[in-house]
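From first to last, the protein sequence lines are chains A and B.
Heads up: the first sequence at position 283 corresponds to 725 in the numbering used here, and the numbers run straight through without jumps.
Heads up: the second sequence at position 117 corresponds to 130 in the numbering used here, and the numbers run straight through without jumps.
Possibly wrong hints are sitting among the right ones.
Claimed, not checked - Some chain B residues near chain A, calculated using beta-carbon distances under 7 Å:
| id | residue |
| --- | --- |
| 1 | Gln32 |
| 2 | Ile78 |
| 3 | Arg146 |
| 4 | Pro155 |
Everything labelled a hint here was simulated from the structure, so no lab data went into it.
Predicted, not measured: the structure shown is a model, and the values here were computed from it.
Even for Gly, the Cβ is constructed at its ideal location relative to N, Cα and C.
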Amino acid sequence: MLRLSPARRATLQRITFPLLVLASAMMIALGKSDQIGIEALRNRVMDAAAPTLEMVSRPAVLLDLAISRARDLIAVYQENAELAAENERLLVWQQAALRLASENAELRNLLKLAPEPAISYLTARIIASSGSVYVRNVIINAGRENGVVRGQAAITGDGLIGRVTEVGDRTARILLITDLNSRVPVIIEGSRRRAVLSGDNSDRPSLRNTEAGTAIRIGDRISTSGEGGIFPAGLPVGIVTAFEGELARVEPHAALSLVDYLRLVDYGRSDLLPGSLSLAQCGKRPDQSLGQPARR
Amino acid sequence: MASLLPVATTVFAMVLSIQPVHIPGYTAVTPAFTLMAVYHWTIYRPDLLPAFAVFIIGTLQDLLIGGPPGVTALLLLLAYATILIHRRHFANRSFPFVWAGFTLLSCVAMLFLWALHSLLAAAILDCRGAVFRGVLTVAAFPVASFLLGRTQRALMGAG
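Whole structure, please, built from the sequences with the hints as guidance.
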């Protein structure tokens with residue numbers, strides 16, 4: 443710290459302060475146009491802050507874990523019974539799914555359709571959230587070194603959360619589906635009509651750009667359509683829960699504020715064996731890491 | 014070492030404000046902890062919180078949030094200047110008075126953020142989030158002020 447006399451210090455402050463205000467204003471203006479420079483800087487800052495963020499957010503995770511463990515202990519018998527019943531139900535579904543998958547593979551073969559690419563997942567933890575009402579994104583503790591690529595879809599077991607927008611070396615930023623800038627091409631499962639799920643910084647994104655004559659009803663399930671190649675098709679997104687005039691509002695399946703760990707969906711190279719049941723890989727194995735080799 | 018305390022606590026406040034907390038809707042209404050720290054230190058020890066530090070911390074917060082860079086920096090700098098000018102009204106007063114001053118600052122800050130983001134988005138954004146955030150910020154201020162005051166006294170004497 444330079445030892446300046448109070449008078450000199452005051453003058454220095456008087457000069458630097460307007461300069462700093464000007465610098466901030468210029469950053470706001472530049473941020474609107476010069477996207478590339480700011481993005482690289484943002485990634486560097488994200489990477490640099492990652493150790494601190496991981497460390498600070500870890501106690502919260504441990505606390506959550508402790509609370510849920512305590513809760514589990516209290517309700518262990520009842521929960522066990524409920525889980526056993528659900529497991530039975532899911533086994534039935536798994537059989538149905540396997541049957542459909544092999545039937546699907548046969549039909550694709552008959553039609554000489556290109557095989558579906560193998561899907562693999564990368565699990566990551568959220569270490570920071572945007573903490574703002576005008577921006578909805580999160581930072582995860584996985585980056586280029588872990589195989590994160592811009593554009594990968596982020597999901598939980600329940601449904602789609604968002605998409606990777608910026609990738610650092612050890613961290614990445616996920617734009618949530620509720621953000622003002624988020625646009626997800628979706629399909630309404632009942633009528634198979636297409637629409638775009640647009641975030642507006644509220645908790646319930648809306649359906650826009652619907653085709654003329656689309657009838658949307660409360661309770662309609664929404665999933666990704668895969669249009670434009672931005673998101674893989676078939677990812678569950680949410681349910682239509684309300685109408686604001688003509689605008690349909692969608693409640694996401696995933697509880698966005700309660701997410702700790704998420705998975706990034708990665709489409710590997712095409713699988714050479716259509717019958718290799720890529721559907722089985724979609725089972726809920728939370729620690730599946732990237733690098734699952736395609737079956738040869 | 015103690016002279017770094019204001020900057021250190023403000024940086025910590027900034028890190029705190031981007032922590033993911035599992036309460037539904039919390040992200041949108043996270044209290045403005047950085048603003049609280051800047052307010053406290055500008056009143057009690059402005060010599061240890063230079064404008065440049067405020068600018069850097071604000072910029073870091075912008076870059077980590079992922080929103081338009083410069084918004085938080087500008088907000089904190091303007092708040093800093095405003096508090097400095099009116100500092101003598103608050104420096105030796107009781108806590109309720111200090112809290113009232115912070116309430117006023119918060120309201121103006123939330124309004125400023127809402128106006129700036131609306132301008133950048135070229136649309137009138139919903140103001141309810143800003144209102145809730147302002148309320149939570151004001152409500153959380155006593156705790157922050159208490160903690161900052163305690164650390165200040167413990168590490169720097171009655172400075």
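Verification of the hints:
no. : hint   : verdict
1   : Gln32  : holds, 6 Å
2   : Ile78  : holds, 5 Å
3   : Arg146 : holds, 6 Å
4   : Pro155 : violated, 20 Å
The structure fails to meet hint 4 from the earlier list, while all remaining hints are met.
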